[in-house]
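Asker: Go ahead and model the full structure; you've got the sequences and the hints to work with.
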Amino acid sequence: MISIKSLSHHYPGGRVINFPDLNIAAMEHWLLLGASGSGKSTLMNILSGLLKPTSGEVLIDGVPLYGLTLREMDKFRGARIGIVFQRPHLIRSLSVIENLDIAASMAGLTTDQEHQLMLLESLNIIDEKDKFPDQLSQGQLQRVSVARALVNKPDLLIADEPTSSLDDVNAVQVITMLREQAQANGAALLVATHDQRIQPFISNAYLL
Amino acid sequence: MISIFTIGRKNLLRNKLTAFLNITLVAFGIGILSILMLATQQISSKLEENAKDIDVVVGAKGSPLQLILSSIYHIDFPTGNIPVSDARKLAENPMVRLAVPLALGDNYMGNRIVGTDQSFIALYGLDLGWGKFWEKDLETTIGSEVARTTGLKVGDTFFGAHGLSGSDDVHKQHAYRVMGILKPQGNVTDQLILTNIGSVYKMHEGNEHQDEHQDSQQDSKAEINNREITALLIQYRSPMSVVVFPRMVNKSTNMQAASPAMESARLFSLIGIGIDTLKWFAAFIMLISGLSIFISLYNSMKERKYDLAIMRCLGASKFKLFFLVLMESLQLTVAGAIVGILIGHGSLYVIGFFQEAAQAKLNGFYFMTDELYLLLAGIVIGVLAALLPAFQVFKVDIAKTLTSER
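Heads up: the sequence lines are chains A and B, in that order.
When you line the first sequence up against this note's numbering, it's residues 1 to 208, in that order.
When you line the second sequence up against this note's numbering, it's residues 1 to 406, in that order.
Among the hints, erroneous ones may be present.
Each computed DSS-like pair below joins lysine-lysine, with the alpha-carbon atoms no more than 30 Å apart [what the hints assert, rightly or not]:
#, chain 1, residue 1, chain 2, residue 2
1, B, 16, A, 131
2, B, 318, B, 400
3, B, 10, A, 131
4, B, 400, A, 5
5, B, 52, B, 361
6, A, 131, B, 302
7, B, 400, B, 10
8, A, 5, A, 52
9, A, 129, B, 320
10, B, 302, B, 320
Covered stretches of chain B, going by a simulated chain A footprint (3 or more residues, C-beta under 8 Å) [unchecked claim]:
#, segment
11, 11-23
12, 312-324
13, 392-402
Simulated from the structure, these hints should not be mistaken for lab results.
Nothing here was measured: the structure is a model prediction, and the numbers come from that model.
For glycine and all other residues, C-beta sits at the position ideal for the given N, C-alpha and C.
Answerer: As structure tokens, then:
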């Protein structure tokens, strides 16, 4: 479904990273492993259409991602890729449910109220749906950001260091939640991490 | 479905005080402009309405503006009197179609008593609401506002007081009788008490003459010839006389001719300086409001960079976010403009409510299409203030912003 071919990126400082080829099939779960500064975030940004690589290709169902126009790329990102950032990054002036709404609206899709409520339900934050981000705990915020990433039923769920700031118990909870949600929503999962604790949960690993 | 309009509104609500300050600034600027626009428009149309069928006013020498104000708008004091014989000569001039004599000098509870003849009815096209027009001495027909404010009804009697306002010196020896009440005319005649010239003379004679003049109109007409009146309102037979007639009056008689159109234009050019100053003041406030909106948007962009990057991540195009910033600013200025227009109408209503000079009473419910320009001004300020902050949307590096620490 998503593959990268002879991808490399040159940083402004002159450093070059060459990425090994990768092929993620539908509903597969992958770990993206590497020390900090090894280019994990760069690859994530390239995969989600946020950063144009210096050379090589990202193919989505065989179509080169960076061959799309800017507008098409925005739409593609909004509709087919869900991103969970290291930090929740919710919009502070909007309530939880509105933060989910805006994900649909910004991608140009219509709101699927039922699906939104179901997501909140399964992530156990349904009671928080009308609260604002500054009223929620860190863990709740992270679950909202997972719900937001899944709201448009993406083909690929990308998580960038989702457990780095969590303790052991919470880290396991989060990785379990990501796996379950990806499974339930029919999405492939790619988790970028240098966290040894979650390696046992995902068998496919891509090393940088 | 959540629109950029809603997001904009919610962003504004996060900083209620800033939004309030910005709306207030816009509203003040627009409000002042709105008051000026509505007031000048209403006053000038009122003035025009009152003078529309009068081509020229002849009266005693003095300030032409004063002559116009006293004899058409019934605001100022008259310039003096003119001999009836001279006035009659002018009235018979072939250039004159209609000449209406006025004898001023008394009031009843601040309403001016105007001595005139039946030609006044034709000049203003007066309609009766109740009763009949005045005929004999001491009979009066009163304007609708006079009836409303004084409570006088047909058949009532009242005493006039000497002077154009105040009631210290009452003419106790003769009582006026109300014969009729006019329908509301929408001009100065609503505030006047109309009677014949003979009545006004009667008031100002000593008691010793009383017996000689108490009878018919025939008598009073005869005596008019060697008496004085205040002014003569004149309608020309042809517009050609505009140039010739005033010059003739001003050069060959001891009277002056003043044109209502020219004098109101002069009056407005005098007031105009004050109006211009206020307009610049309002424009300055609006400039400040634009600056204030610009600064608050610009400052918030730093913290909003994350929000904008997230929305880009969620698939929003740069243009959508550009309009989001624009929309926020527009919501402030359009709200401000609407509040400003309401302030304008509200102030006029309040001023009109407490206004004494009923001749140019202001109305808060008078709307004009030019107010749409005020709304447009609000939109322009909104766009200008938002332009620079909104362009920053195009510079946000999403990947860098989201991976960096907050």
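Asker: Hints numbered earlier in the text: which of these fail when held up against the supplied structure?
Answerer: none
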